[in-house]
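Input sequences plus hints: build the corresponding full structure.
There are 2 protein chains.
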Amino acid sequence: MQTIKFPDKATWNTLLQRPVMDTTALEAKVEAILRDVQENGDQVVKKYAAEFDKVQLTDLEVKPEAFAAAEAALEPALKAAIRQAARNITTFHKAQQEKPQIIETMPGVQCWRKPVGIEKVGLYIPGGSAPLFSTILMLGIPATIAGCKEIVLCTPSLHPAILYTAQLVGISRVFTIGGVQAIGAMAYGTETVPRVYKIFGPGNQYVTCAKQLVNKRGVAIDMPAGPSEVAVLADESCVPAFVAADLLSQAEHGPDSQVVLVTTSEKVLADVEKALQAQLDKLPRKSIATAALDNSKMILVQDIDTAMEMLNTYAPEHLILACRNELNVADKVTNAGSVFLGNYTPESAGDYASGTNHTLPTNGYATAYSGVSLDSFVKKITFQQITPQGLQQIGPTIEAMAAAEGLDAHKNAVTVRLQSNN
Amino acid sequence: MQTIKFPDKATWNTLLQRPVMDTTALEAKVEAILRDVQENGDQVVKKYAAEFDKVQLTDLEVKPEAFAAAEAALEPALKAAIRQAARNITTFHKAQQEKPQIIETMPGVQCWRKPVGIEKVGLYIPGGSAPLFSTILMLGIPATIAGCKEIVLCTPSLHPAILYTAQLVGISRVFTIGGVQAIGAMAYGTETVPRVYKIFGPGNQYVTCAKQLVNKRGVAIDMPAGPSEVAVLADESCVPAFVAADLLSQAEHGPDSQVVLVTTSEKVLADVEKALQAQLDKLPRKSIATAALDNSKMILVQDIDTAMEMLNTYAPEHLILACRNELNVADKVTNAGSVFLGNYTPESAGDYASGTNHTLPTNGYATAYSGVSLDSFVKKITFQQITPQGLQQIGPTIEAMAAAEGLDAHKNAVTVRLQSNN
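So the sequence lines, in the order shown, correspond to chains A and G. Each step along the first sequence adds one to the number in the numbering used here, with nothing skipped, and position 211 is 211. Every number in the numbering used here is 422 more than the matching position in the second sequence, counting from 1.
Keep in mind the hints are simulated off the structure, nothing from the lab. Values in this document were obtained by computation on a predicted structure and should not be read as measured data. Even for Gly, the Cβ is constructed at its ideal location relative to N, Cα and C. Accuracy of the hints is not assured; some may be wrong.
[What the hints assert, rightly or not] Derived Cβ-Cβ restraints for the label pairs, each shown as a range:
| hint | chain 1 | residue 1 | chain 2 | residue 2 | range |
| --- | --- | --- | --- | --- | --- |
| 1 | A | I4 | G | P498 | 57 to 63 Å |
| 2 | A | G406 | G | E487 | 22 to 28 Å |
| 3 | G | A454 | A | G128 | 55 to 61 Å |
| 4 | G | E487 | A | R35 | 29 to 35 Å |
| 5 | G | A494 | A | Q419 | 31 to 37 Å |
| 6 | G | K485 | A | K274 | 56 to 62 Å |
| 7 | G | Q841 | A | N204 | 31 to 37 Å |
[Unchecked claim] Computed footprint of chain G on chain A; a stretch qualifies when at least three of its residues, placed anywhere within it, have a C-beta under 8 Å from a C-beta of chain G:
| hint | region |
| --- | --- |
| 8 | 105 to 116 |
| 9 | 235 to 244 |
| 10 | 338 to 352 |
| 11 | 382 to 391 |
Right, dumping it as structure tokens:
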């Protein structure tokens, strides 16, 4: 990791710059696949699976018996862990449910809003070395709580943990489709795959580009994507070995992962560096983590306030506060996806099981975006009902404003009622 | 309006199709302006204002004395109406505030989320024939309640009602900039205009395209845009003159406005048609409304359930329920932006003053998107804190899942703590 001591505020933005991820170069290629799937459906989905994933698909949909087989194949301890995580995630996301509350804004004028689950949602889980069943918990559980009627999962990985988790959280249908063709199938529908209104989930740069393109044509997506990242704020009350472990748990995600340590202590800087080396040697994904650490920064600053100001500028996806008075420091966080307080709250707790969602804004998007929550799976529809007496109260206000905006028919919709109302 | 009686369900999608709004053809031109603004700032903002808006701008920012002059120039009745609307909108949006609630998902594992206002937001209000000061209420009020620190408004219209409303709701700074250059200035910042994290507000197809393009590069936007629309569900309990007035209040927005009537009564069909003709003749914006009505549909269906099923397929921005048992019918609404119940709740009430927001999903986006609300101006940051004892409880779950996903450093972040914990 690069070490920077007491950087001038004017240099912060440059210092904390992320690598630019520009998928424009892929657009033409991705667009062509999306169009092909839109026009030709299942047939070309299978063609692309053969071409890109080197698999011959006969059935796109996973059959019911596969789920029972997956459950039988999975070791009981892992199933118990998945169920425990599911319970915690359910508890936290259920608490986000909102009851409609009728607000009388003026006598006779009642307004309320009601969360209604998005009818059809699609989840994407990439294949690759690690089967990301934890992401099925993070997306499937709030989708079920929200009352989404059709929850579709596309994934090229049929690992037993994927199928077990999909069934546990109530996914309606699972399709063994990956890549751009999966996004196209869910965005436009095929003979087999239902069209959905919103698509969630991680993916490589092709999947990310496909999600951006279908979003431009009106299919909602969870949020813009970027490489995963963690920032740790540590003072001398931290445990350097814990901080090093947290930095490494982010660094092992990929060579483009972002890892930042901001500390007020020169000793912490040195001790974390030492602990990093000691732990790194034992990691199976050492080469990935090493590549990520090469791009990463350890920054020494004057005090905690400067550290928090710098971190709010960075707007990290994950922020660990390994410092004294962590609750007070947490109050100063304005830009972050999810925050981990104290020495015994590793980021991996939130990645898997504490209950919070792990689908979070990367790349500085925490300045404007929230992580996935129950809100991501509902529309909040507003309602209003006005009594004839209420319209007499509010009517002149509407008439005056509509007239001033030059919209006479808007005004007349009130006038015609007020005149009949006497 | 075209009249269709008892259409077959298989034809609904075609019948209710909206005109496709594709801004791809504009992209190169809009992109060039955005880049120019990003690179050259104020100087080219002024150049484009001269070129497109035919105005020579010396100062981009509106001076404090202009607000006092606007207030003095505006007639008291209009100011009172704006203040009344502001009160109702404030009441409704304040009720959307959420207090952090600490959830103990397991003993020693506490999770919560806290809404934090987006630090810098930008509002855009187009120029044109009508000064849309009502949209300043709809965007500025929730921004203020959310605690956004910098609320920037760009608009080419310096109508007194615009300036009065901007000051009333607490907009920080107003810039007299319009079009693509306004979106570019807010997205990237110039010498004078601060960069913002999220951009809100309506605009023509150039502005819409500019918002899409900056969104692709990480600036959040309120929602995708499309022509405004209303659907009315009416049975024989409706008042045809009211229904006609509501249809016209939508039709006057623009020739591309969408207007749909779905009714269970042949008599209502005929009576609304008659009332439309009578009212249309008196409208100043008659030619616009006539053009919009030409593309619009009156549909006769068998019963209310069929009507609601059709309307949920259409997913209208505004839905008026002019029918019996309107509260029961409202329970069946799954896809709509905002819903108006009964004969005395015209859409224009929600457009101006009932308290609900008028920035709503058009173009069928109500299947997946909500209208603007307090949520649109905050990030909900999640927090978690685990005690050493709590980590002993939850630790093995995290370890098992991380190991199964092949992420050993994630597992180790727990193990290193559990080992030191004894």
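(request) Given the range 22 to 28 Å, decide if the beta-carbon distance of G406/A to E487/G lies inside it. (result) holds, 27 Å
(message) For the region 235 to 244 of chain A, count the residues whose Cβ lies under 8 Å from any Cβ of chain G; is that count three or more?
(response) Coverage by chain G holds for the region 235 to 244 of chain A (3 residues, Cβ < 8 Å).
(request) Could you check the hint for me, namely that A454/G and G128/A are 55 to 61 Å apart, CB to CB? (result) violated, 39 Å
(message) Verify the CB-CB distance for A494/G and Q419/A against the hinted window 31 to 37 Å.
(response) holds, 34 Å
(message) Between the beta carbons of K485/G and K274/A, is the distance compatible with 56 to 62 Å?
(response) Since K485/G and K274/A have Cβ atoms about 59 Å apart, the given range 56 to 62 Å holds.
(request) Given that the region 105 to 116 of chain A was listed as covered by chain G, double-check it with a C-beta distance under 8 Å for 3 or more residues. (result) holds (count 6)
(request) Examine the region 382 to 391 of chain A for residues whose CB is less than 8 Å from any CB of chain G, and state whether their number is three or more. (result) holds (count 9)
(message) Range first: 57 to 63 Å. Now tell me if the beta carbons of I4/A and P498/G are that far apart.
(response) Given range 57 to 63 Å: holds, Cβ gap about 59 Å.
(message) Within 31 to 37 Å: is that where the Cβ-Cβ distance between Q841/G and N204/A falls?
(response) Distance hint for Q841/G, N204/A holds at roughly 35 Å.
(request) Could you tell me whether the CB distance from E487/G to R35/A stays inside 29 to 35 Å? (result) 56 Å Cβ-Cβ, so the 29 to 35 Å window is violated.
(message) So is the region 338 to 352 of chain A in contact with chain G by the C-beta rule, three or more residues under 8 Å, or is the coverage claim wrong?
(response) n = 15 at 8 Å, threshold three: holds.
Consistency note: the structure conflicts with the earlier hints numbered 3, 4.
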